[in-house]
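Chains as they are written, first to last, in numbering that gives the first Met the number 0: chain A, 0 to 432; chain B, 0 to 311.
Hints listed in this document are in silico derivations from the structure and should not be mistaken for laboratory results.
Mixed in with the good hints there might be a few duds.
Unchecked claim - Computed list of lysine to aspartate or glutamate pairs in EDC-like fashion (alpha-carbon distance at most 20 Å, straight line):
#, chain 1, residue 1, chain 2, residue 2
1, A, Lys-255, A, Asp-207
2, A, Lys-157, B, Asp-71
3, B, Lys-150, A, Glu-119
4, A, Lys-96, B, Glu-159
5, A, Lys-431, A, Asp-290
6, A, Lys-157, B, Asp-63
7, A, Lys-96, B, Asp-160
8, A, Lys-334, A, Asp-284
9, A, Lys-96, B, Asp-152
10, A, Lys-157, B, Asp-67
11, A, Lys-96, B, Asp-161
12, B, Lys-43, A, Glu-79
13, B, Lys-43, A, Asp-76
14, A, Lys-312, A, Glu-89
15, A, Lys-431, A, Glu-304
16, B, Lys-43, B, Asp-161
17, A, Lys-157, B, Glu-62
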Amino acid sequence: MKPRIFPAIMAACGLLSVACVNQVEEVFDTKASERLEQTMLECQSLLTSAEYGWMIEYYPDSNQSYGGSTYAAKFEDNGEVTVTGEVAQEIAGDVSKTITSHYSINSSSSVVLTFDTYNEYIHYWSDPDDYSGNVYEGDFEFAFVSGNAEQMIFRGIKTGNRIVFTALDTDIVTCVQQIVAIQNEVVDNLYLGYKWDDGNSTGIELYDDDNYNLLAYYPDGDMDGAYETIPYSYTSEGIGFYQPATINGITVQNFKWENNTFVSTDAVDASGTPVNVALSGFHCDNFMHYDTFIGSYLLKYGSTEVPVTLTEKVRYSSYTLSGLGDYDLTIGYSKSDATLSLCSQYIGTYGSYYIWCCPWDADAGYLTWTTTIGFTLSHNADPDNLVLTFADNGVWGSYTANSILYYKFTAISGGSSVGSYAQYAYIETMTKQ
Amino acid sequence: MKKILLYSLMLTFGAFATTACDDESLSSTSVITNSVNIETEFDKWLEENYRAPYNINFYYRYEDIETDMTYDLVPAKEIYSRILAKMIRFLWIDPYTEVTDIHFMRENSPRIMQVIGCGAYNSNNTLQLGTAEGGQKITLYVGNWLEDFLKIDYTNRSNEDDGYTVTITDVDMINHYYLHTIHHEFAHILNQKIEYSTDFNTISQNDYVAQWNTLNESEAAEMGFVSPYASSASGEDFVEVFSYYLTWSEAEWQAKLEQAGTSGADRIERKLAIVKSYMADNWNIDMDQLREVLARRYQEIDMLDWSNFNAE
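The following block holds chain B by itself, in its conformation from the complex (with noise of 0.2 Å):
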């Protein structure tokens, strides 16, 4: 008893002895300081429309820490990010919000929405559209290439200055590089957070493989692939399908259903059902809902206010 005691009390003394002369106190002032670069007027638009509803840190100025080192990577130009962040908004984070309510993207969004310019090349001929790291941070690459999609009007016919007018001259390739990578990332996201049932995996259990970039499109479809990115595992197969339902118009949808064939088509068809249910069970969300709130609103795209950032 007497040597617990004794053990107890140097213990005691040497915890405190170690702590005993910490006695510096708080700096009123916060070593982390940013005082040399001045927040825009997009940033004000960003801290309404993104950090403050969502918490979501839109980031489009080029920052070194948050990009992935492997990659030779330049920043966006501003105006595409700009248009990128409305885009977003309107076709991303307000349909979620649409069907269900404003908790579910401030639950469920990543923290950090990240633009850069040009693609991640990798290796083996491949081009990286997106990443979603951790279910906190969705990065999108090839910003720049907007410029081949859309089509910029300047009010004062040389630059931004008085407003511009943005028309969208080619919405799939928008799909393909912007819009369906998010929605892509934000399943894995989902998906991160609350697992799909494991049936899922079984449809195309002994069909996924490394080359996917050696298939392509019928040839992934007669598999039960809604691309051929799907075929590289039964994560990115569920969250390709999910997010080809979404972006895609029912004709397309029927359409890759057609080069599917019969059996291929009947794989895609049973993986969308779990899809939709693992939506509505786990997440509340109505698939087809949603699809709906989407079509409405590409539909309405070109009537955003793509130079107003006081508003709103």
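So here's chain A without its partners, still in its complex pose (with noise of 0.2 Å):
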């Protein structure tokens, strides 16, 4: 055996001293670190470099299922960045109030860019809710891709979505301010969605989400039917989408807010020509806005009439109805068919007691107190002698809510009940003073 380990040995240093002869080319001038480095010095020098900053247009959630939500940023040499967005509307009531806090460029396996000390506004979406875990799964760390004086192209860190920051021409709080008119223009139009109209187009809907930034698309028209999911964000003129969509032949990606329409701005079709594509909003048959139902009524119920007033409670979500009796009740609006409702609800003490009110059946002598049941109340689309037309809604079942009482309970979700505080049978209609 040992002579045949000897020469095995032998090619084995025979190799060892051949390894290194090796004549690789160098694919770069640079080392990596020094490559690294150099787009470190890139990325920081673009971002400082916009006199007035960026608008980011920023998805949380990989599947983007928040939509998006638009910021303003500047960032300063020294290695702050102020901050204003979407997200200030909610948290500071006012876009104008900044927030700085620190950034920092690093390296890793690529330049990644980290607002790396906590800034109410950036970190809206990445903050873990109390022991629910991280609620909308959003980046505060973003690599960056590429970019150019007019726009750089990130990646976050975690959900892997492409972050687009376009650098400004207005200081950072005009932008926001700017987003946020745009913004109050479309959700004071109550539209439900959006038509797609480009020429050729017949009966494509855009329906837009009420809580995030999302459009969902039925290719066949219907509503039951199957649907696409487009995020969208907020800019400075108008909406943009996630990533270009098409639809009808047409990809488009960008829309100006003109005239209370939706007008695209890079819409092409399939052989690459630009075209017009345009969003109106459209709402359900019968819409009347929210604004028309405030104001005072006569409200009757069996051959008595009360004067009562309708205000506003949650804008566009709700009005508090005031004069029947001792309680303010709680009546709400949907855009979605233009009706108000009324259902049983908690409305205040009485004493020791709870008062509910609470849908009644005065035919068949049954009250409830669940709260999904109650009265529709329809209009005669007719805004200048408004009337409004209690029904039931449908959800009681065996009975019909055709009246209301004030009900006394020992507990404030119910509890025992105790007996009658107040009545207002065959309850019929609220007209328009």
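Build the complex: two chains, separate frames, hints provided.
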């Protein structure tokens, strides 16, 4: 055996002795670390060189299920970044209230921009909720992909989402104020969604989500059929889709808000020829605006008429009805069918008792405190002589809500019923005065 | 003999051959560069108060590579990191230095202290307040919760540019979430360097449970544990006795003994005796002296100059 080992070792030594005679050509002129350093400097220089800062079309969640949320940020040489954004409305109630924190640019496998000290706005989408894990799964670390003086592209580290920074030509507060102004106009219209108009299209509708910046597209025009979700974000001009969408053979991503319509700025047809697409808002049939319902009414029950008022409670969502007895009631508003609703609800205390407004079937002698049961208030489509008519909302089933009882209970959640506090039998209409 | 010589020659040749072509000289410039992130006044203060004297790197800016990837985390708000940095120096590092000397913390403190803004939420609905990794790093979570435990008054009424004062409104919560956690993790580090007597393990040896979070405070106390978490393992039990003994007032400690009842209190006292002798014998630290120093410093905490990072 020994003689065989010997040549093997010789061969191994031979291999070892030639292994280093290689002529690997350098692919890059500079070292990897120098190139990373170069990219870090480039990223830093681009970020800080934008005189007014950047608009950031940010998408939390790897499926963009919460749509986009737009920020504007000004990066300083000293490592500080000043931020405002759509979320400032919710958090501070005022987008002119900016928040300054730190950012850093580091390299791991790529060059990464990190918002590395807490900023209530930036970290809104990434802060984990108590005991339920991160709700929105958003990023605050972004890998630098490419950039120039007008636009920088980043990739969210956790989500992989493409995040676009666009250089601003106004200060960050003005940018977000423009965004909020457009958003308010859109919201004020109470659209259900938009009709897609490219000159050849018929019946294509995009439904807008009430909570997040998402459009639902029903390719077959069937609301019960398959749909695609298009996440979008507001920009200082209008909206931008997360990625280009192709609808009816036309590919488009960005829209301007003009005369209450979104007008495409980059739509092309299958051959790449520029075309125009308009997204015009639509309402349900019989639509009546939330504001139209606010005012004084005479409420008729039985042969009695009492003056009542409807005032704003939660804008575009509910009203306060005052004047029917000693308690205020909450009336719902739905833009999807332009009706109001009055359901069973807790309305206040009476001594040690808790008063509920209960739908009552005065013929059968039954009442209920199930909070889905109640009335639909439909309008007569005549804003100048507005009449709202009460009708059972169909949830109760075997009984019909035709009257209202204010009823005493021993607990706020119901508990044991004690007895009637007030009765409004055969409630019929509210006529605007 | 010949053969051995030949093999040796060949091995030498082989070794030589493999390294001979490595003739690159060292570059004069470092490949590790960090020219884009600017050092702030606070960074300089940390250098002078943590890094230079104690070789502790106090990380307040989020670094992905240092954080636990299994959690969704966010950075701490900078002003809270500043307050914690001052507080931890005053109520954790300085007391040890006062009862020993500067070398103790130099030699035994972790090399990294890291502050994270939010909690690290576990799937069993518990919240991780801190970790000590290999005696090298202590991570403090929930830094942003400081908001609820103190009041910051800005001199110019709007931001920190012209300084601010800090009034601690809930020292118990600050103890619970931060200082207790640091003492707890630090005791782990000391235990990792010198083990404590195994006599400690025998006191509650049959009572340690995995589902510690199902016990409430008084149930744990009656079993001889200063906290529910102490019942999770003897190592945790030791450091919980250590940290609560330091951060609770004498009245709070007595209240815990009372809650524990006769047999529970007896166990806690026996555990404390071992903790005290461990610290005295191995680290030359009198726990009661350290406790007095801490109690005095808790009284002095309001006098700290919270917003000045130039002096000191």
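Right, here's what the structure says about each hint:
1. A:Lys-255 to A:Asp-207: holds, 17 Å
2. A:Lys-157 to B:Asp-71: Judged against 20 Å, a Cα distance of about 10 Å means the pair holds.
3. B:Lys-150 to A:Glu-119: Between B:Lys-150 and A:Glu-119 the Cα gap is close to 18 Å, so the pair holds against 20 Å.
4. A:Lys-96 to B:Glu-159: holds, 15 Å
5. A:Lys-431 to A:Asp-290: holds, 13 Å
6. A:Lys-157 to B:Asp-63: Status holds; Cα separation ~11 Å.
7. A:Lys-96 to B:Asp-160: holds, 16 Å
8. A:Lys-334 to A:Asp-284: holds, 10 Å
9. A:Lys-96 to B:Asp-152: holds, 19 Å
10. A:Lys-157 to B:Asp-67: holds, 14 Å
11. A:Lys-96 to B:Asp-161: holds, 19 Å
12. B:Lys-43 to A:Glu-79: With Cα atoms ~16 Å apart, B:Lys-43 and A:Glu-79 stay inside 20 Å; holds.
13. B:Lys-43 to A:Asp-76: Given that 20 Å is the threshold and the Cα spacing comes to 18 Å, the pair holds.
14. A:Lys-312 to A:Glu-89: Holds, at roughly 17 Å.
15. A:Lys-431 to A:Glu-304: holds, 12 Å
16. B:Lys-43 to B:Asp-161: Holds, because 19 Å separates the two Cα atoms, which is no more than 20 Å.
17. A:Lys-157 to B:Glu-62: Since the Cα atoms of A:Lys-157 and B:Glu-62 sit roughly 14 Å apart, the hinted pair holds (cutoff 20 Å).
Checked against the numbered hints given earlier, this structure breaks none of them.
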